[in-house]
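Asks: Residues per chain are reported as follows:
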Amino acid sequence: MTATPSRRQTGVGFRPHTEKTFDTGFVWLTLAFALTIGLILLSIAIIITWRAWPAIQTYGLGFLFSSSWNPVKGREEFGALPVIYGTLVSSLISLVIAIPLGIGTALFLSENFIPLKFRTPLVFLVELLAAIPSVVYGLWGIFVLIPLVNPIAVWLHDYLGWIPIFSTPPAGGPGMFPAGIVLSIMILPIITAISRDSLACLPPDLRQASLGLGATRWETIFRVLIPAAFSGIVGGIMLALGRAMGETMAVTMIIGNVNRISVSILEPANTISSLIANQFAEASGMQVAALMYAGLVLMILTFVVNIIADYIVSQVKAKY
Amino acid sequence: MESQELSLKKKPTSPRSLINSFWTGIASLCMIITLIPLFAVLVFVTLQGFRRINFDLFTQLPPPPGLSEGGIANAIIGTLITVAIATLIAVPIGVLAAVYLSEFSEGNQIAYWVRFATNVLSGVPSIIAGVFAYGLLVASGIVGFSAIAGGVALSVLMLPTIIRTTDEALQIVPQDVRWAAFGIGAYKYQTVLKIVLPAAIPSILTGVTLAVARAAGETAPLIFTALFSNFWPSPPPKGLLEPIATLSVLVYNYAIVPFKPQQELAWAGSLILVLLVLITSVTARWATRQKTY
Numbered sequence: 002m003t004a005t006p007s008r009r010q011t012g013v014g015f016r017p018h019t020e021k022t023f024d025t026g027f028v029w030l031t032l033a034f035a036l037t038i039g040l041i042l043l044s045i046a047i048i049i050t051w052r053a054w055p056a057i058q059t060y061g062l063g064f065l066f067s068s069s070w071n072p073v074k075g076r077e078e079f080g081a082l083p084v085i086y087g088t089l090v091s092s093l094i095s096l097v098i099a100i101p102l103g104i105g106t107a108l109f110l111s112e113n114f115i116p117l118k119f120r121t122p123l124v125f126l127v128e129l130l131a132a133i134p135s136v137v138y139g140l141w142g143i144f145v146l147i148p149l150v151n152p153i154a155v156w157l158h159d160y161l162g163w164i165p166i167f168s169t170p171p172a173g174g175p176g177m178f179p180a181g182i183v184l185s186i187m188i189l190p191i192i193t194a195i196s197r198d199s200l201a202c203l204p205p206d207l208r209q210a211s212l213g214l215g216a217t218r219w220e221t222i223f224r225v226l227i228p229a230a231f232s233g234i235v236g237g238i239m240l241a242l243g244r245a246m247g248e249t250m251a252v253t254m255i256i257g258n259v260n261r262i263s264v265s266i267l268e269p270a271n272t273i274s275s276l277i278a279n280q281f282a283e284a285s286g287m288q289v290a291a292l293m294y295a296g297l298v299l300m301i302l303t304f305v306v307n308i309i310a311d312y313i314v315s316q317v318k319a320k321y
Numbered sequence: 186m187e188s189q190e191l192s193l194k195k196k197p198t199s200p201r202s203l204i205n206s207f208w209t210g211i212a213s214l215c216m217i218i219t220l221i222p223l224f225a226v227l228v229f230v231t232l233q234g235f236r237r238i239n240f241d242l243f244t245q246l247p248p249p250p251g252l253s254e255g256g257i258a259n260a261i262i263g264t265l266i267t268v269a270i271a272t273l274i275a276v277p278i279g280v281l282a283a284v285y286l287s288e289f290s291e292g293n294q295i296a297y298w299v300r301f302a303t304n305v306l307s308g309v310p311s312i313i314a315g316v317f318a319y320g321l322l323v324a325s326g327i328v329g330f331s332a333i334a335g336g337v338a339l340s341v342l343m344l345p346t347i348i349r350t351t352d353e354a355l356q357i358v359p360q361d362v363r364w365a366a367f368g369i370g371a372y373k374y375q376t377v378l379k380i381v382l383p384a385a386i387p388s389i390l391t392g393v394t395l396a397v398a399r400a401a402g403e404t405a406p407l408i409f410t411a412l413f414s415n416f417w418p419s420p421p422p423k424g425l426l427e428p429i430a431t432l433s434v435l436v437y438n439y440a441i442v443p444f445k446p447q448q449e450l451a452w453a454g455s456l457i458l459v460l461l462v463l464i465t466s467v468t469a470r471w472a473t474r475q476k477t478y
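Going down the list, the sequences are from chains A and B. Position one of the first sequence corresponds to residue 2 (the numbering used here), numbered consecutively onward. Position one of the second sequence corresponds to residue 186 (the numbering used here), numbered consecutively onward.
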């Protein structure tokens with residue numbers, strides 16, 4: 002009887018059972034860690050909702066439309082309207098400043114205005130703008146930007162005071178206006194980077210066809226490239242909006258932290274994140290719950306904005 | 186004259202060419218205005234911070250309000266400890282999650298949702314990470330205001346960066362390398378741990394360093410998780426469970442007090458943070474230029 006040597010005898014292709022289990026285990030382990038990411042996201046939502054629950058029960062949706070903020074024991078009353086207003090308005094101011102600058106910079110860096118070897122370091126410098134810690138912008142804002150912005154605020158009030166948003170005389174200190182400026186500096190790199198990406202994604206044929214028909218470079222940009230990259234640019238702006246709404250330190254240090262709604266942007270104001278940053282460490286009882294509730298509102302706002310932005314940006318990548 | 190009319194070249198003085206140059210000017214102006222704040226911040230932080238840079242800064246505790254000696258050594262140590270805790274949590278989770286995404290998922294639905302969750306997580310405001318760590322650890326009494334609570338908050342912010350860079354780094358590793366490993370009979374875990382990950386290590390390290398630099402500058406999640414302390418951190422493990430000073434919170438606290446010496450320390454702290462970010466960004470750029478494959 003001629004026995005062919007079994008796999009076990011030759012060792013070829015033989016795998017011990019324990020090793021095989023270990024191998025599958027490793028794959029499952031990585032899967033578990035991958036799922037952890039979703040779990041973290043979920044637990045952020047759950048824990049904040051849970052901690053905010055007392056406030057949600059007491060104030061309900063009225064929290065969003067009430068302006069009182071009274072942490073005194075026994076007479077507690079909380080409403081988030083002024084901070085929601087402040088969050089939206091400060092983000093809006095920053096967008097008004099950052100959108101034209103960001104798109105202009107993106108065009109400058111994506112089209113052939115200057116040779117590539119100068120463009121690369123410029124792109125890097127714009128990225129650095131995003132890397133500087135928020136608290137450093139805050140410090141710089143207090144000591145450099147606010148004194149610098151004040152004459153501009155005075156000028157705006159003197160000459161454009163008839164417009165409601167410039168209607169109050171500036172106090173010369175912190176306020177919505179300098180906070181909006183600092184925010185615009187912080188979101189500029191995002192708008193620039195994503196606009197530049199979506200412009201760079203466009204097929205070169207588009208440019209060549211337009212230039213071949215005799216259009217000037219800027220006619221090409223305005224009539225062909227910007228329309229084609231429009232959704233990508235909008236996605237970038239949405240991402241920047243999400244960032245602006247969640248930005249904390251620089252704004253907290255510059256906005257003045259006054260829980261009041263004022264039409265004039267020359268007045269101090271407050272945002273959701275500044276409110277939390279300012280009061281959380283010393284809060285107790287219902288105030289903590291109210292701050293958690295405010296945090297939940299902020300989270301939902303940024304989630305919605307970010308998911309829309311993410312969707313738009315991913316659609317653009319799929320298109321070309 | 187005849188030849189000029191036939192020329193395809195645009196006349197530099199025609200209205201269209203002038204409008205073209207006008208917009209070129211506007212775009213260049215945008216570029217310049219965008220860079221002004223960067224240089225303004227760098228110049229001011231350097232000028233203000235450099236004055237206060239000395240040996241004491243790195244070896245002594247902050248002075249009582251109004252006095253001018255002392256340093257920020259406890260905050261530097263505190264930042265190192267807090268960021269180290271965050272790194273210890275975020276790197277294993279992030280790297281292994283990315284291994285699943287790039288090596289084992291084969292682009293399935295799970296991978297889609299994990300990538301989606303990563304994107305959403307990267308959009309979570311930093312203060313929300315702090316509120317989360319507070320709600321999870323501090324309010325529930327698991328640990329008090331401490332380096333650990335701060336580290337957990339920071340790790341949430343580091344994760345998306347680490348996952349993304351690792352995912353990208355692993356995908357760049359050529360398929361041939363994996364086939365070669367499988368061909369000689371390696372297991373999946375051997376291929377990943379001994380072949381693919383080592384090949385991608387430079388890029389992964391770059392991502393981790395960038396995440397660390399970002400975490401070191403974060404303030405919002407720390408002001409109510411790590412709080413602050415004017416003293417030296419106690420030796421571990423006790424020191425990890427007590428409030429701890431960090432550079433970024435020191436800058437925040439001292440920026441809003443009316444004392445000149447404290448403000449000087451705030452500028453010095455900012456200078457250290459900015460240098461940290463600059464150095465890591467530049468070296469990261471330089472390191473990823475030299476790709477292994």
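Source of the hints: derived by calculation from the structure; they are not laboratory data. Even glycine gets a Cβ: it sits at the ideal position worked out from N, Cα and C. Each hint should be verified, as a subset may be incorrect.
[Stated by the list, open to error] Within a straight-line C-alpha distance of at most 16 Å, the following computed EDC-like cross-link-like pairs (lysine to aspartate or glutamate) qualify:
id	chain 1	residue 1	chain 2	residue 2
1	A	LYS74	A	ASP311
2	B	LYS379	A	ASP24
3	B	LYS195	A	GLU220
4	B	LYS373	B	ASP361
5	B	LYS373	A	GLU220
6	B	LYS445	B	GLU291
7	B	LYS373	B	GLU254
8	B	LYS373	A	GLU283
9	B	LYS445	B	GLU427
[To be verified] Simulated DEER-style distance windows between Cβ atoms:
id	chain 1	residue 1	chain 2	residue 2	range
10	A	SER232	B	LYS379	41 to 47 Å
11	A	PHE119	B	PRO421	45 to 51 Å
12	A	SER232	B	SER199	30 to 36 Å
13	A	SER232	B	GLY329	24 to 30 Å
14	A	VAL305	B	GLU353	35 to 41 Å
Asks: Does each hint hold? Answer for all of them.
Replies: Against the structure, the hints:
1. LYS74(A) - ASP311(A): 43 Å, violated
2. LYS379(B) - ASP24(A): 13 Å, holds
3. LYS195(B) - GLU220(A): Holds. LYS195(B) to GLU220(A) sits at ~13 Å (cutoff 16 Å).
4. LYS373(B) - ASP361(B): OK: LYS373(B) and ASP361(B) at ~14 Å, within 16 Å.
5. LYS373(B) - GLU220(A): Given pair LYS373(B), GLU220(A) is violated - Cα atoms ~55 Å apart, limit 16 Å.
6. LYS445(B) - GLU291(B): The hint is violated at about 59 Å.
7. LYS373(B) - GLU254(B): Between LYS373(B) and GLU254(B) the Cα gap is close to 58 Å, so the pair fails against 16 Å, i.e. violated.
8. LYS373(B) - GLU283(A): 51 Å, violated
9. LYS445(B) - GLU427(B): 29 Å, violated
10. SER232(A) - LYS379(B): 41 to 47 Å: Given a distance of about 44 Å, which is inside 41 to 47 Å, the answer is holds.
11. PHE119(A) - PRO421(B): 45 to 51 Å: 49 Å, holds
12. SER232(A) - SER199(B): 30 to 36 Å: At roughly 33 Å between Cβ atoms, SER199(B) and SER232(A) fall inside 30 to 36 Å, so the hint holds.
13. SER232(A) - GLY329(B): 24 to 30 Å: 48 Å, violated
14. VAL305(A) - GLU353(B): 35 to 41 Å: The hint (35 to 41 Å, Cβ to Cβ) is violated, given that VAL305(A) and GLU353(B) are roughly 27 Å apart.
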